[in-house]
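Here the protein sequences line up with chains E and U, keeping their order. Quick note on the working numbering: the first sequence kicks off at 21 and runs consecutively. Quick note on the working numbering: the second sequence kicks off at 61 and runs consecutively.
Each hint should be verified, as a subset may be incorrect.
Below, computed lysine-lysine pairings styled on DSS-like, alpha-carbon distance capped at 27 Å [claimed, not checked]:
no.	chain 1	residue 1	chain 2	residue 2
1	E	62	U	64
2	E	258	E	305
3	U	85	E	305
4	E	305	U	321
5	U	242	E	24
6	E	63	E	90
7	E	231	E	24
8	U	242	E	33
9	U	153	E	305
10	U	85	E	24
11	U	321	E	63
These are computed hints drawn from the structure, not numbers from a lab.
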Amino acid sequence: MSNKMATREAYGKKLAMLGETTDIIVMDADLSGSTKTGEFAKKFPGRFINTGIAEGNMMSTAAGIATTGKTVFASSFAMFAAGRAFEQIRNSICYPKLNVKIGATHAGISVGEDGATHQSIEDIALMRSVPNMVVLSPVDQYETYAVLDAAVKYDGPVYIRLARLPIENIYDENYTFEIGKSHTLADGNDVTIIATGIMVGAALQAVNMLKEQGINARLINMASIKPIDKDAIIKAAKETKAIVTVEEHSIIGGLGSAVCEVLCECEPVKVKRIGVEDRFGQSGKPELLFEEYGLTAENIVKQTKILLNK
Amino acid sequence: MDNKQLMLHAANIRKNILTAVHAPKSGHPGGSLSVCDLLTLLYFEVMNVDPKNPTSSSRDRFVLSKGHAAPALYSTLAERGFFPTDDLCNFRKFGSILQGHPVMYVPGVDVATGSLGQGISAANGMAIAGKLDKSDYRVYTVLGDGECQEGQVWEAAMFAGHYKLDNLCAFVDHNHLQIDGKVEDVMNPTPIDEKFKAFGWNVLTCDGHDFDQLRKAVNSAKSYIGKPTVVILNTVKGKGVSFMENQVNWHGSAPNDEQYKQAIDEIEQYIKTLGGAL
Ligand SMILES: Cc1ncc(C[n+]2csc(CCOP(=O)(O)OP(=O)(O)O)c2C)c(N)n1
Ligand SMILES: [Mg+2]
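Extracted from the complex, chain E is given alone in its bound form (with noise of 0.2 Å):
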């Protein structure tokens, strides 16, 4: 259990075996070694299509062929994928509804030295605001296998964020996931950590050194952020009366936010907002970058206790 994945390699790993059970399409656009598609490919070769370094047209020709009834997943670099093809993938593949998937890797920070153009902080503000569009985050290779499970069993388009950097494990093969649900980690009732992605290691790791302090923390893994878990996040303000959200994403339009809108319309607590803070990303080691961005354990231990005035 305690071996280490990256998403986008379990991304890559299940959709050879999803290749196995049902007929979806991978779609790629010069990144398959990257994004792992590479694995399906190999296995697969008739029914992966890579369409060179063409982002707007691999997910307007995805949509083009889910018309056809087929399940595709389009997979590029997060940058490429929600940035670039932004609007390809609002008025082809939202708008019509259409059954394709997005297969977005090196989301966040952690891409490291390939430095801020690279680096994608705005994903989840673009891809949650679009109608129709599911947004799913998930930490470890376990919960990529069962949200991508859940992405091909829900008929519609469906924004799966990934990541580059290896993960330690936090599920396990027998872990289920549903969309709209969160997983609570930990219980508590001192306050409420909220993370999601690959930010739900170092949460797991602040609410036990905050234990350690005597503070109860409960923690969230929101790893489906559209639709959100409102009950999940309401119950959690009532119980806990204030709230800390960690994501590798912009503190704008992010997590935070999404918790944000539930929070001020049904339950007002106190919140923070731990993500990057409206500035770009930059080069470095992922580790140097997590400290520079404050997406550490340490962090979020030091953002609670202020929260609380502790």
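Given chain E, put chain U with the ligands in place with the hints provided.
Then chain U with the ligands, alone, in the frame of chain E:
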């Protein structure tokens, strides 16, 4: 500048490219090595640039549309004196100005690139602004052949043809490789020359590693009136390092210590055959 001097500069730049990607164990050597002879000619002979005044409004402009070849651009700028060569060791490292893809705060970088297909449009913008200002600077840009799969490249090609941007000279680094394999197998963009021709460009082809041919092409672009020029460069990805040449896996991976040493030795050998360092 005589060819031998250019060759020596290019050899230094090649060494620096390798040093730059070896230091962080990250970056793109293949497409940097294929474009580095062109950059040498542009920065040491053709372009009106001044390392002491890198933002002069009358300077010629350069846009690295294939921004992942940042090691080539940074190494060329360092060799030309825009910043110390030692800085290249900090490429891609946290806190360094030498970001993984070109950024405007690096002295000599005219615009940020890295998302393929966008640089040529930015070059168009610089060229049309030059026309509006009646300024006589010239704009140079280089694209990858894989990059030519982006639709935006052809929107930009149409634009430059439409506005007769004869102050613009584009290059396509036709090394026949991208990430997923041979350009012709992944998504064939050829014939590239005919496409540019159809969009109203003056089209030239030459060996991208031959300074005489490069010089001739650039000069003929300069004197061509009424159309933008594109030069299709026949190049070898990984040029100058035997084990990297024409190998797709050297697109985006850095040499280990042993490979690095071998590559540097090879280039130093070559410098000796040229009669020694500058
Ligand atoms: C819009 C966009 N999509 C994808 C990428 C990722 N990427 C970086 S380099 C590259 C391949 C480029 O091939 P080519 O243009 O032939 O470059 P060269 O062979 O000269 O290195 C890709 C797909 C990117 N940088 N930008
Ligand atoms: Mg190429």
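Hints versus structure:
{"no.": "1", "hint": "E:62 <-> U:64", "verdict": "47 Å, violated"}
{"no.": "2", "hint": "E:258 <-> E:305", "verdict": "39 Å, violated"}
{"no.": "3", "hint": "U:85 <-> E:305", "verdict": "11 Å, holds"}
{"no.": "4", "hint": "E:305 <-> U:321", "verdict": "24 Å, holds"}
{"no.": "5", "hint": "U:242 <-> E:24", "verdict": "32 Å, violated"}
{"no.": "6", "hint": "E:63 <-> E:90", "verdict": "18 Å, holds"}
{"no.": "7", "hint": "E:231 <-> E:24", "verdict": "25 Å, holds"}
{"no.": "8", "hint": "U:242 <-> E:33", "verdict": "25 Å, holds"}
{"no.": "9", "hint": "U:153 <-> E:305", "verdict": "7 Å, holds"}
{"no.": "10", "hint": "U:85 <-> E:24", "verdict": "21 Å, holds"}
{"no.": "11", "hint": "U:321 <-> E:63", "verdict": "38 Å, violated"}
Going down the numbered hints, you'll see the structure goes against 1, 2, 5 and 11, while the others check out.
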